Amino acid sequence: MVIKVKNLVKRYGDLIALDHLSLEVKEGEIFGLLGPNGSGKTTAINCILSLLKYDKGTIEVYGRQMSPDAYDIKRRIGIIMQNVAVFDELTVYENIDYFCGLYVRDKKRRKQLVDEAIEFVGIKDFVKFYPKKLSGGLLRRLNIACGIAHKPDLIILDEPTVAVDPQSRNNILEGIKRLNSEGATILYTSHYMEEVEEICTRIAIMDKGKIIASGTKEELKGMINSGERLTVELFKTDSSIIDGVLNLPNIVSAEFDGNLLIVRSIKGKNNLLKLLDYLKSRDIDVGKVYSEPPTLNDVFLEITGKELRD
Amino acid sequence: MQVFKAFFKIIVKNLGQILIYIVVFLSVTVALTKLNNTADYTGFTETKVNIAFINNDEDSWLVEGLRNQLLKHTNIISVDDDTRKLQDALFFREVEYIVRIPHGFAEKFLNKEDVTIEKTTIPNSSREIYIDMLINKYLNTAKAYISYSDGLSGETILSQIEKDLAQETKVSMAFPTDNITLIEQRAFFFNYLAYALFAVLILGVSSVMMVFGKPDLKRRNLCSPLRQREMNFQLIIGNVSFAVITWLLLSITGFFLFGSYMLSLNGLLFMLNSLLFTFAALSISFLIGNVVKTQNAMHAVTNVVALGTSFISGVFVPQDLLSESVLRIGSFTPTYWYVVNNNTIANLVNFSTEKLVSIFGNMLIMSGFTAAIISITLVITKQRRTSN
Ligand SMILES: Nc1ncnc2c1ncn2[C@@H]1O[C@H](COP(=O)(O)OP(=O)(O)OP(=O)(O)O)[C@@H](O)[C@H]1O
Ligand SMILES: [Mg+2]
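Residue numbers (numbering that gives the first Met the number 0), protein chains in the order written: chain A, 0 to 309; chain B, 0 to 387.
Please keep in mind that the hints were generated in silico from the structure rather than gathered at the bench. One thing to keep in mind: the hints can contain errors.
[Stated by the list, open to error] Output of the computed footprint for chain A on chain B, the stretches with three or more beta carbons under 8 Å from beta carbons of chain A:
#1 190-198
#2 207-217
[As the list claims (entries may be wrong)] Far from chain B, by Cβ distances over 12 Å, these chain A residues were calculated:
#3 K3
#4 V8
#5 P67
#6 R168
#7 G214
#8 N269
[Unchecked claim] Cross-link-like lysine-lysine pairs, in silico, DSS-like; alpha carbons within 27 Å at most:
#9 A:K123 to B:K292
#10 A:K5 to A:K25
#11 A:K3 to A:K55
#12 B:K33 to B:K12
#13 A:K127 to B:K71
#14 A:K107 to B:K84
#15 A:K52 to A:K5
#16 B:K8 to A:K131
#17 A:K123 to B:K4
#18 A:K55 to A:K5
#19 B:K136 to B:K118
#20 B:K136 to A:K131
#21 A:K220 to A:K287
#22 B:K4 to A:K127
#23 A:K132 to B:K8
#24 A:K106 to B:K12
#25 A:K220 to A:K52
#26 B:K84 to B:K217
#27 B:K292 to A:K132
#28 B:K217 to A:K127
#29 A:K131 to B:K4
#30 B:K47 to A:K127
#31 B:K4 to A:K106
#32 B:K8 to A:K106
#33 B:K118 to B:K142
#34 B:K118 to A:K132
#35 A:K52 to B:K4
Here the structure is a predicted model, which is why all the values come from computation and not from measurement. No residue lacks a Cβ here, since even glycine has one placed at the ideal position from N, Cα and C.
Only chain A is shown next, with the shape it has when bound in the complex:
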């Protein structure tokens, strides 16, 4: 077990930021911590890294109690925080060299590592730039390079893609997968469910300082009652159609979005087939048809009664 958090409680005055939070991150996985803004992701990370004192609970990293002076454990960790943390007074190269140098003293080895990190995030053309001169996306990449140059065994990334252009976002997500395939264990937090679904092998969903569900994405979707989301293109929209569809088994809701009929179902067999049969029986012409499995948003919605994204 790489990270083992048990019953972590953190209070900010009256606010309970972490409420008996428990989670386990296994060697070699990409673990996603998914939660809306203010759910306590950053607080959890800060506690795991011993940057914050907490009120209750235990945190073990690589089998040992984590503490501010657990330097041997810190040596194996690379962090990329939510806010970009680099020196404005140092160039791109100097920044990466500085942070790498906190872990690796040997100069020759360090130069090699720094060059690799620059290559990895693709900022070779900007090594002499000062951070202030970089675009938001490049700055994020620099931030990542500073965290991974020393080739850590465990990489913790706190919302590394916030406010990033699509190109840099893909670059970052691909990079995380690559680091993982090269052997690093990854703890990744985000409030974008698509990202988490795309790259994470296991996911914990957080809300109000608590883990409300965890498992692989299939396991998570299996936990809920929601079935697929069906979308059918119609050439005639008639409110009687809605009434008829709602009478079908396993259908929870039906509504029009323009000439699209959107239907939510609960788990069951042949939901799509029954819908199409009904439309055919009423002689309604049908265009394109989609069936989408439930998303993590559906999971979140069903458990908390609110949308993951506001």
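Start from chain A and add chain B with the ligands according to the hints.
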């Protein structure tokens, strides 16, 4: 030494602002000392006064001798013996002194009768006395030779007088070593150093400490395996090196301005005093760097602290001119004790134990400030670290 290296890279990035203070300091002190040096307090050079010499007597060796004697120390301008023209010449300062030898002067003088030379001068001319002296000296010497060496020829007497008067008096200044201006310049240089040094240290130290104190960067550093103690150690080494380099840079200017004086006991005391002040200023800068959070606050604090302490401690205005209450407030800053010492050291001629004890006592007070402020800073930073 990652942190140490980063320290100086940050300094270099902020060098622009720091250099302003250094350049202003250098220009002001160099200009002041150079300008004052051109005033001739430092040496004695004889200036020649313009005079008119009118002889109403017949030509004689005695009068000719006087004329020659005056020529050595004055410029004799020829002016027509006409009252109007002579008055004009005096008015327009073409001449400052008119010597008139009355008719029958030489004969009467040689017969040992009482005679006087007529003189006309500009009112209140300080040089008048000088010319009077020259004339009296000549006539008195001549009188002596004429009275006591009967039968000597005029030529012999003249050459004798000339020899006697040629023995010029050496002029020496009343102050045993240096003159007042130089003393003031040295004191001013080291007093003003307090302001420049303080400003540079606050700017440099706090701009670095502010960077390392940024929460995000601080967290990232805390996550690294670099021990807290090692990190602080490197920062302190950086701060001390920066302070010492600044001190060297500024005080070395003193060598250019005052030369070998800086190697005298006074010079060394000045250096020691400013070094101890540097550490006091560094500790205050370190405290400020740990408290200040923004660039604007940093500049405001630099002005208030560096300028404020300098004012109330007598850096710009001599302490003698400050009111007692101001000085009492000033004495709560190390700058005050530093300035007191500078003024004492500048005027120090004999190194009496009493004086030295007071100087070293003040140095001890400055060091006390340093120790106290470092302790306060440590308490504050420790409290911060444990308060979340
Ligand atoms: N220093 C603090 N003092 C008081 N409350 C805080 C502090 N830091 C965070 N909080 C509160 O704790 C809760 C959790 O915050 P946290 O930053 O961990 O959330 P998050 O999941 O990281 O959110 P985001 O997606 O916005 O980063 C929030 O309600 C926040 O307002
Ligand atoms: Mg956060």
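Here is what the structure says about each hint:
Counting residues of the region 190-198 of chain B whose C-beta sits closer than 8 Å to any C-beta of chain A gives 0, which falls short of three, so the coverage hint is violated. For the region 207-217 of chain B, the proposed coverage by chain A is satisfied: 4 residues have a C-beta within less than 8 Å of a C-beta in that chain, meeting the threshold of three. The beta carbon of K3 (chain A) sits about 19 Å from the closest Cβ of chain B, which is more than 12 Å, so the claim that it is off the interface holds. Residue-level check passed: V8 (chain A) sits 15 Å from the nearest beta carbon of chain B, beyond 12 Å.
Distance check for P67 (chain A) against chain B: the nearest CB is about 7 Å away, which does not clear 12 Å, and the non-interface claim fails. At the 12 Å boundary, the C-beta of R168 (chain A) stays outside the reach of chain B, the nearest C-beta of that chain being 21 Å off. The non-interface label for G214 (chain A) is consistent with chain B: the shortest C-beta to C-beta separation is roughly 29 Å, beyond 12 Å. Against the 12 Å criterion, N269 (chain A) stays outside the reach of chain B, whose nearest CB is about 53 Å from its own CB.
Restraint check: the Cα-Cα separation between K123 (chain A) and K292 (chain B) comes to about 33 Å, which exceeds 27 Å; the hinted pair is violated. With a C-alpha separation of about 15 Å, the suggested pair K5 (chain A) and K25 (chain A) falls inside the 27 Å cut-off, and the hint holds. Only pairs whose Cα atoms come within 27 Å are accepted, and K3 (chain A) paired with K55 (chain A) is accepted, the gap being roughly 14 Å. For the hint linking K33 (chain B) to K12 (chain B), the alpha-carbon distance of about 33 Å lies beyond 27 Å, and the restraint is violated.
With a C-alpha separation of about 75 Å, the suggested pair K127 (chain A) and K71 (chain B) falls outside the 27 Å cut-off, and the hint is violated. For the suggested pair K107 (chain A) and K84 (chain B), the alpha carbons sit about 94 Å apart, so the restraint of at most 27 Å is broken. Distance restraint check for K52 (chain A) and K5 (chain A): the Cα-Cα separation of roughly 15 Å lies within the 27 Å cut-off, and the hinted pair is therefore satisfied. About 16 Å separates the Cα atoms of K8 (chain B) and K131 (chain A), which keeps this hinted pair within 27 Å; it holds.
Distance restraint check for K123 (chain A) and K4 (chain B): the Cα-Cα separation of roughly 23 Å lies within the 27 Å cut-off, and the hinted pair is therefore satisfied. Simply put, K55 (chain A) and K5 (chain A) have alpha-carbon atoms about 9 Å apart, close enough for the 27 Å limit, and the pair holds. Of the supplied pair hints, the one linking K136 (chain B) and K118 (chain B) holds, its CA atoms being roughly 16 Å apart against a limit of 27 Å. With a CA separation close to 83 Å, the supplied pair K136 (chain B) and K131 (chain A) exceeds the 27 Å bound.
For the suggested pair K220 (chain A) and K287 (chain A), the alpha carbons sit about 25 Å apart, so the restraint of at most 27 Å is met. Our distance criterion of 27 Å between C-alpha atoms is met by K4 (chain B) and K127 (chain A), whose separation comes to about 17 Å. Between K132 (chain A) and K8 (chain B) the alpha-carbon distance is near 18 Å, which keeps this suggested pair within the 27 Å criterion. For a cut-off of 27 Å, the pair hint linking K106 (chain A) to K12 (chain B) stands: about 24 Å separates their Cα positions.
With a CA separation close to 35 Å, the supplied pair K220 (chain A) and K52 (chain A) exceeds the 27 Å bound. With a CA separation close to 89 Å, the supplied pair K84 (chain B) and K217 (chain B) exceeds the 27 Å bound. Between K292 (chain B) and K132 (chain A) the CA atoms are separated by roughly 23 Å; this keeps the pair inside 27 Å, and the hint holds. Restraint check for K217 (chain B) and K127 (chain A): the C-alpha separation of about 24 Å stays at or below 27 Å, so the hint holds.
Restraint check: the Cα-Cα separation between K131 (chain A) and K4 (chain B) comes to about 20 Å, which is no more than 27 Å; the hinted pair holds. A hinted pair counts as satisfied when its Cα atoms are at most 27 Å apart, and K47 (chain B) with K127 (chain A) does not qualify at roughly 69 Å. For the given pair, K4 (chain B) sits about 14 Å from K106 (chain A) by alpha-carbon distance, which is consistent with the 27 Å threshold. A threshold of 27 Å between alpha carbons decides the hint, and for K8 (chain B) with K106 (chain A) the separation of about 18 Å falls inside it, so the pair holds.
Of the pairs offered as hints, the one joining K118 (chain B) and K142 (chain B) holds, with about 20 Å between alpha carbons and a cut-off of 27 Å not exceeded. With a C-alpha separation of about 85 Å, the suggested pair K118 (chain B) and K132 (chain A) falls outside the 27 Å cut-off, and the hint is violated. Only pairs whose Cα atoms come within 27 Å are accepted, and K52 (chain A) paired with K4 (chain B) is rejected, the gap being roughly 31 Å.
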